[in-house]
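A.B. asks: Heads up: the protein sequence lines correspond to chains A and B, in order.
Sequential numbering from 115 applies to the first sequence in our numbering.
Sequential numbering from 604 applies to the second sequence in our numbering.
Rather than coming from a laboratory, the hints here were simulated on the basis of the structure.
Among the clues, some could well be false.
[To be verified] With a cut-off of at most 27 Å between alpha-carbon atoms, the simulated BS3-like pairs for lysine-lysine come out as follows: (1) Lys766(B) / Lys272(A); (2) Lys272(A) / Lys840(B); (3) Lys562(A) / Lys436(A); (4) Lys329(A) / Lys351(A); (5) Lys231(A) / Lys905(B); (6) Lys369(A) / Lys351(A); (7) Lys562(A) / Lys476(A); (8) Lys272(A) / Lys333(A).
[As the list claims (entries may be wrong)] Derived CB-CB ranges, DEER-like: (9) Ala498(A) / Met794(B): 49 to 55 Å; (10) His908(B) / Glu221(A): 22 to 28 Å; (11) His908(B) / Ala342(A): 40 to 46 Å; (12) Thr335(A) / His908(B): 39 to 45 Å; (13) Leu470(A) / His908(B): 23 to 29 Å; (14) Leu702(B) / Glu440(A): 19 to 25 Å.
Where is the CB? At the ideal position from N, CA and C, for every residue including glycine.
The residues making up each chain are set out below.
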Amino acid sequence: MTGEPLLSINNITKAYPGVVANSDVSFQIQPGEVHALLGENGAGKSTLVKMIYGLVRPDSGSMTFRGAAYAPPEPRVARSTGVAMVFQHFSLFEALNVAENIALGMENPPPQRDLAKRIREVSEAYGLPLDPDRLVGDLSAGERQRVEIIRCLLQDPKLLIMDEPTSVLTPQEVEILFHTLRKLAAEGTSILYISHKLEEIRALCDEATILRLGKVVGKCTPRDTSAAEMAELMVGKSLATPARDNAELGEVILKVAGLSVEPSNPFGTPLRHVGIELRAGEVLGIGGVAGNGQDELLAALSGEVTTPPGTITLNKTPIGDKGPNERREMGILCAPEERLGHAAAPDMSLVENALLTARQRKNLADSGFVNWGATRAYAEKVIADFDVRTPGPDNVARSLSGGNLQKFVIGREILQDPTVLVVNQPTWGVDASAAADIRQAILDLAQKGAGVIVISQDLDELLEVSDNFAALNEGRLSNVRTTRDLTMETIGLMLGGAHDMHDLDEEAIHAEA
Amino acid sequence: MMGIDPITLIVALITVSTPVLLAAIGELVVEKTGVLNLGVEGMMITGAVMGFVVAVNTGSPTLGFLAGMASGMALSLIFGVLTQMLLSNQVATGLALTLFGLGLSALLGVGYPGSTPPPVSDPFPAAMAEIPVIGPILFGHSLIIYLSVLLVAAVWYVLGYTKVGLIIRAVGENHDAAHALGYKVIRIRLMAIMFGGACAGLGGAFLSVVRVQNWVDGMTAGAGWIALALVVFASWKPWRALLGAYLFGGVTALQLRLQAAGINIPVEILAMSPYVITIIVLVIMSSDKSRTALNAPAALGKVFHATG
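The following block holds chain A by itself, in its conformation from the complex:
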């Protein structure tokens, strides 16, 4: 491809107080090209695309779009120029329906009825089934992403920016997405694809630009480059894969039987007759797309939601009616998904956050008085053992980057020597080297005889750490399978690929009727 580039980024620099997000970044995207922007968290990918989309303005440097100078002051201008973006954290409104959500992202939306018709047309043309009248709050993550994509496609973009689009999708949904993106590229739309998943980039992208610490550190053609080479460019060093010796599994320590929980908010998913048997030394992976009952399962296991006593037993003691503090004393510790606000109090220091969950097991408070010396020592131990990058334990949780806070949260629980540890999305938004450390720590804990439940949407992660695997789908837990015998295909079906087909069948029946 030698013609004029569609978008050309020239020497862009953007600094925030204390950090240079982008330094002298340049690259080009050709028409019809799928261009990967690859890098760890904090490498400056998001800032860069926000500048292309007009949400942030560069300090210096310039951009040209189809040969003309391009400096969008706001997203509206970017959209009218032909740049559309699908966000990492969906920019959707749960209480509005699909058509309303799409109308909000358009410059001149047609009346609702015409819009609904166009949504149906586009969604059929690109193989993305979607009902314009449904509330977004009732949709799965994959369907929500379709809403965003269709919102972009209705504006006929020349450049489609996708920020980490596959992190919440099942393998089947990823296939559908890639099919759509290839079709778009073949029609001449350029795609800027942001990810740190190397295999995806190798499967999809024509060219790649690799960022590290705000600088372009390399460019490559993903098809001709191995994943290991790209990872080294991205991280700056080679990564060790987490591993452990094959362990014997012990007695059943945690037993969940017939667990049903009603959700606490209108868009939650009820749990239906969930049964789990967790053995000492076992890592049980629970896969599933977000919103299938993960939060409810964690809440039931941690004691935030109580259930009849017999539904959960720890070493044969019924504990379903016990609250979080009692369960902590007995050895069930949890690390929820939402770091700020659930796992950690954002405006409290790390010392205070250490106290919040470690008080009982580490004896940090005595007859109502906090032993701050011991608490500080414990926070410092977590920081040291888990390589948490922070100026000190008195910094507030909010000031840490996502990966560092996650290391602190996981470390705080693991160092309390739990009998059972439940973690939800342990490496969500964490960069590759920190993720590897966290996974290794989980394996080490299991090696010492604890039972670990890892709830995650990242299937590669579950395959890497877990002995056994089960899928959570619409609040029901599938049968437990040994991880070794699983293929991506089977997992996909367990996660709801089969379920989607069931839905389609139903629709077909309705259509006939």
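Given the coordinates of chain A, work out where chain B should sit on it, guided by the hints.
C.D. replies: Structure of chain B alone, referenced to chain A:
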């Protein structure tokens, strides 16, 4: 019941309800954009005193209404700047605004109790108001009352069926997403806050100039708080807010007549009955939690700070 004429009761009901209705419909729009302004009472009473003072001094009720709106809007703008630009806490700021409005109105109103405001002319000819039964109910009111019902209809239509309404709901539902799409969250919220202030101020001016035709310290007597409660219990639906306001006005008008008729119920119980009955009825109406949650603006009362 002895000597209570249903027609005059309905006429009184509509008049009594209108200040609450105006304040509630304004606050409904404010809350739909995700802002909780607890200063309704303060804006109402400031509107009442300013409307009254201007109407008495100029002899023009219209100028009085405009002054009421302007003063409510000015007060709401203080709230808007503090909460939207300086990111202060909405609950504390709103409460402060109410206290400020009550004090300010007492100061501005010194010397005015007992003054007579100019009479307000009705839009329909007197002959129409003399038609039996429907005449006084439909044609015997001041323009503001018709305006308040039109306003409810307009808010219902705009929120439900227009792009502007969609943007208002979107901002109240998820301000970060709205910002990411390029909508000016703060500007939209400031405009809604000012609309709410103008409505509350107009409601106050109507109360002093038309309904009571006098200025009394603290004369709103919690109507602003009832308006706030109406918005929540009406599940943020304009027609339900109208229903709630008319219910409140109806029980108020009825209990005043019962008091006058000397019925054998303690006055205190009669006086609190409108508040109690309105809240009980609306609680029952909004008891379906999941449906109410769907209509509630998810970002209500949350501080929005644009990043990136």
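A.B. asks: Check the structure against each numbered hint from earlier and tell me which ones fail, lowest number first.
C.D. replies: Hints 2, 5, 6 and 14 not satisfied by this model.
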